[in-house]
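A.B. asks: Using the working numbering, the letters of the sequence shown correspond one by one to residues 5 to 356.
Hints are all accurate, no fakes.
Quick list of in silico lysine-lysine cross-link-like pairs, BS3-like style, CA-CA up to 25 Å:
| no. | residue 1 | residue 2 |
| --- | --- | --- |
| 1 | 339 | 217 |
| 2 | 217 | 240 |
| 3 | 9 | 354 |
| 4 | 266 | 183 |
| 5 | 181 | 266 |
| 6 | 294 | 279 |
| 7 | 240 | 266 |
| 8 | 240 | 218 |
| 9 | 266 | 294 |
| 10 | 183 | 240 |
| 11 | 217 | 343 |
| 12 | 183 | 294 |
| 13 | 218 | 183 |
| 14 | 9 | 126 |
| 15 | 218 | 343 |
| 16 | 181 | 240 |
| 17 | 294 | 240 |
| 18 | 218 | 181 |
| 19 | 339 | 279 |
| 20 | 84 | 126 |
| 21 | 181 | 294 |
| 22 | 86 | 9 |
| 23 | 339 | 218 |
| 24 | 183 | 217 |
Across the chosen pairs, the derived CB separations fall in these ranges:
| no. | residue 1 | residue 2 | range |
| --- | --- | --- | --- |
| 25 | 242 | 215 | 19 to 25 Å |
| 26 | 215 | 80 | 55 to 61 Å |
| 27 | 255 | 62 | 25 to 31 Å |
| 28 | 26 | 255 | 36 to 42 Å |
Calculated directly from the structure, the hints in this document are not laboratory data. Don't be surprised by glycine CBs; every beta carbon is placed ideally from N, CA and C.
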Amino acid sequence: MPNAKSYAASSATSPLASAQIPRRDPTDRDVEIEILFCGVCHSDLHQVRNEWSAMPTTYPCVPGHEIVGRVTQVGSAVTKYKRGDIVGVGCLVDSDQTCPQCQANLEQFCPHSTFTYNSPDKHGTAPVTYGGYSSSIVVNEHFVLSVPGNLSLAGVAPLLCAGITTYSPMRRWGDLKGKKVGVIGLGGLGHMGVKFSHAFGAHTVVLSTSPNKKDSALALGADEVIISSDASDMQKHTGTFDFILDTVSADHDINAYLNLLKIDGTLTLVGAPDKPLPVSAFGLLFGRKKLAGSLIGGIAETQEMLDFCGTHNITSDVEIIPIQQINEAYDRLLKSDVKYRFSIDMASLKSD
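Assemble the whole structure, with the sequences as input and the hints as a guide.
C.D. replies: Structural data, given as C-alpha cells:
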C-alpha cells in the first residue's frame with residue numbers, strides 16, 4: 005500500500021500540516037491520479053474545524069474535493085481512461101451504483117454515497133477517505149471526469165464543486181435564453197453563477213449588498229447590478245425575475261428576494277446559512293412562487309458541465325497558491341479576501 009504526501013489537520017484547532025497518508029493499490033476498476041491542482045472550498049474549512057454537527061470530522065482530515073490531475077495508472081478493466089489523460093474528481097468517489105438515485109444519474113443522493121474526504125472508506129485503506137490536498141488519489145473510473153483540453157487546469161479545479169453547484173439548478177430550470185436571472189452574492193459560487201447565466205443567454209442581474217462589486221460583476225458577464233441594501237433599487241424590480249440563484253451562506257432576508265420573482269418564478273438556494281431562514285407564506289402563495297434547494301450534481305451532469313465549459317471557455321477565476329499557504333488562505337477565506345477561489349498548485353508538495 006503506497007503512501008502519499010498530503011496536508012492534514014490533526015484536530016479542529018490544529019493548522020493544516022504536512023503528513024503522509026495511505027493510498028490503496030488500484031483495483032481493476034480504479035484510476036490512479038497524480039494531483040496537479042486542488043481548489044479550496046469553503047466547506048473544506050467547515051469540515052477541518054468540525055463545524056458541521058451533522059457531519060462530524062474524523063481526524064486526521066485531508067480536505068479537497070475539487071481535483072484536477074494526470075492519470076498515472078489504470079486497472080485492467082478500465083476502458084474510459086489511459087495513462088497521461090487529464091481528468092477531474094469532484095465531491096464523490098463512490099456510491100452503490102444500484103439504487104434508484106444512482107440509476108437516475110443522481111449519485112449525490114445515493115444513501116451509500118462516499119464523499120471524497122471524511123466518509124467511511126469501504127476499501128479499508130484508512131478509517132475515512134482522504135481528499136485532494138495530496139500528491140495522488142485512487143478513484144473508481146465511474147467517478148473520474150474528462151477535462152476539456154482547452155481550459156486552464158488551475159481554473160478547472162473549482163468547477164468540480166462551485167461549477168456544478170451553480171450549473172445544475174440553472175440547467176434543471178429549463179431554457180434560460182432571454183429570461184431574467186438573478187444571482188445573489190458574488191463570491192466563489194456567485195461568480196460562477198454569473199458566468200453560466202451569461203453563457204445560457206439570460207439577462208443576468210447580480211444582487212449584491214456591495215456597490216463596489218458592480219464593475220467586477222459587469223466584467224464577469226452581468227447585464228445589471230442591483231444593490232440589494234437599497235430598498236428603492238429593489239422595488240423597481242419587483243415581480244420581474246424568472247429565476248434567482250441564491251449563493252449566500254450568511255443570514256439574510258429571503259423574502260426580499262422572493263418578492264422579485266414573477267408568477268411561477270423560482271428561487272433556488274445553493275448557499276447554506278447556519279440558521280433557518282424565516283419565509284413568509286404569503287410571499288410564496290401570491291405569485292405561486294417556488295423556493296428550492298440544490299446539491300452539486302450527478303456524475304453525468306458534472307461531465308456535461310465540464311463539456312459546456314470547454315465549449316464556452318469557462319473556468320473559475322482563481323488565485324493560485326502553494327500548499328504551504330493553505331492556513332493563510334483559510335484565514336483570508338473567512339474575510340472573503342479572494343477573487344474568487346483559491347487553487348492549490350500541488351507541485352508545491354514536492355518541496356515540502
